[in-house]
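Undergrad: Here the protein sequences come in this chain order: A and B.
Using UniProt numbering, you'd call the opening residue of the first sequence number 1 and step up by one each time.
Using UniProt numbering, you'd call the opening residue of the second sequence number 1 and step up by one each time.
Where hints are given, some of them may not hold.
Unchecked claim - DSSO-like cross-link-like pairs, simulated, lysine-lysine; straight-line CA separation at most 30 Å:
| no. | chain 1 | residue 1 | chain 2 | residue 2 |
| --- | --- | --- | --- | --- |
| 1 | B | Lys89 | B | Lys222 |
| 2 | A | Lys160 | B | Lys83 |
| 3 | B | Lys89 | B | Lys66 |
| 4 | B | Lys2 | A | Lys35 |
| 5 | B | Lys222 | B | Lys27 |
| 6 | B | Lys2 | B | Lys27 |
None of these hints come from the bench; they were simulated from the model.
Next come the chains, spelled out residue by residue.
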Amino acid sequence: MTAPVAISVTVNGERVEAHVLPRLNLADFLREHLKLTGTHLGCEHGVCGACTVRVGGEIVRSCLMLAVQANGAAVETIEGLSDSGEIADLQAAFRDRNALQCGFCTPGMLMAAQDLLRENRTPAREEIREHLSGNYCRCTGYHAIIDAIETTARARMELKA
Amino acid sequence: MKAAAFAYARATSVANALELLAVHGEKARVLSGGQSLIPAMNLRLVAPEVIVDIGDLAELRGIVVKGDTLVMGALTRHADLLKSSDIVKCAPLLGAAAAHVAHPAIRNRGTIGGSLAQADPASELPACMLALGATIVVHGPGGERRIAAEDFFTGIYETQLAPQDLLVAIELPVARTGSAHFFQEFARRHGDYAIVGLAAQAMLQGDRFADLRLGYFAVGDKPVLAKAASKLAGATITPALLAEASDALSHELDPHEDQQATPAMRRHLARVLLARCVASLLNRPDLNIGGRS
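Excised from the complex, chain B in its bound form (with noise of 0.2 Å):
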């Protein structure tokens, strides 16, 4: 189908986005890459009588390295993750998360700003942001807003954004030495939305985790940062603390029931995830149980 019609706007920058959704509050929606919010607007499951198109800001996009800090601009997109070599050194979860987005195509096109803002519980950055402890920095009427991508995330679709809002860029904390990632999801094909999925950043020390932080989705209505990896980190590792951690997990995870699977199905699988994160990380084939206790 197409999109029904529209008013359009293009800002020329940031202040005069913030100005436009001022004035139409509600009634618009941003456009970065348009890659989730167009095909939405195709199948006419939204209507907005204004769009806002930021994709002209320039700069909003690129990646910068300031000291300790990783400064994604919002209009970075996911192809830019792939091709850079600050992400490569300082987030490589990110690039690992990334071959997973979509197809080529849609890489090309698609924001990282546009999938966090967008918040679909089953897409890998708003997981990924959770794992590496990410800021996201919004501009709104009241000025400049940082936020904890815990805090972040509030429903299905649903973010502390405001309808008057903009997410500018994200920032993130750069890897450390003895650092460690693990991302990995199950989809019916590549590409597909995931079943359930893992992003996991992990600070290692001699055999053991000094840190441990698991951001599981697709498994409720927004991306979960497991408590059950405390279980996990400071201490020796044994079959039976990771079953242990594992039963855990079930526990706090509450997963939906859809067309792809059963809660119990993505229970089942976000231990099988959880045995194989560890047993990666840590270089321990032993720990890989498959997910049972």
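Chain A with its partners taken away, still in its complex shape (with noise of 0.2 Å):
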């Protein structure tokens, strides 16, 4: 049974068939086979937030799920949102504000902000911290994260008014 397991994926929206070993974690998946090195790998053990991905329209840690455990979802990544221009206000928003430095922490960063404004349009800042509490920023910091997550906020409320 520690032989390599067939899956089937969904991968931003192209299917994608494989055979990988059971130890494979979904971040090293999406790196090492498909070569979707958009999502970063930090700690490699939940704390850092770096290879936050969307499993079934939900941000999870791709280091703590296992590739085989993807069998049947439908993963989206840093590229399938980057793409799409889903998160083109937001991306521009982070670069305006300057709220990225080495780059390293903002996949994961762009993963769960976009996480939350869909399900709450106009969060305090108070909210925003909270919902990133658990992605780590080392040269940045915050601030302008937060920052920028906020006048994306307001820029798409005014859009929708």
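Hints are included, so try docking the two chains, each in its own frame, into the full complex.
TA: Now the structure itself:
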């Protein structure tokens, strides 16, 4: 049973069939097998949030999920959200507010931020902080990131009005 | 780090999971949400030879009310607790507690059954189960066992579960009129493991507690249902009586030392939480005396 297991996963809308070892985590599957290296691996034990992706529409830690557990699921990575334009305004706000420096945490930050903005269109700063509490940034710090998310939320509300 | 190699079996039913566990026993670990097991495997703290994945067993996920009982499947996620109207109505303590469990991405995967089977003494849900008087439903080689939460947790990461057992559901009495809850924990950052926490469920009768159940966590090797609560039930609470209960609580707890806090600090924080809890549930701000006697 340590042999590779067949899986079928939809990644960013494309069906992927593969044989993977059970120990392979979803983040490594995305990075090493599919070359989707936007998903970053920091701590590998669920603390830093850099590996955040969507599975079945919900954000998860891809380092705390085995690739075999994603069988039959729809996975969306930062490449998917970026290419579709879903978070173009959020990315622009990060750039404008200098909410990234080395950029290592940014894919996870964007995934978590967009998750919040989908369920709460006008989050208070404290709610933004709480939603990002599982994502570490080691250089820019958090104020600029929160500013960028707040700005995006406001701009989206104005667009709707 | 990456997990060591292991063999993988995807259970197709509860019966199939039990068969797999019967064959592999102590060499196997059950994988549900994986939010405690996979980090431990990635850190090489555990290296099971076989993983029995129960994640596809949809029949184990969900919350239903059957008469006076709330039944939660073992695979119900922490995030489900925050979204469920049945939880708001029947066991609001669990919603209050779930908001403190890690972060959104972890709550989307982590399961209630997994949290209870893991039995981390600093985690929130085991203490809630003590306060709520839950029954843990376990299937094993000998059939079904129903274990009171008070008997289920036996030590650090230890429960009544044998290697061949599967935790399938949790049952709770539905909250009645007059019941109230309190949940608070001290943690360095939101989502971190608690330094000390309290999950409390009460039945109010006028200005008194008809019943008060205090589930403390991160105060020892397992969650504690504090006996000191009995001093407060049925009596008019005065600052002197609260101080007496607080002293009894200090006596009763045997907290551990770690990098977060000394036993004395944990005792102090437990007293602070007791005062806050009683003051909040009875709406008596005068009783919130900061844990000092």
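Undergrad: Could you tell me which of the hints above the structure violates, numbers in ascending order?
TA: Those not satisfied: there are none.
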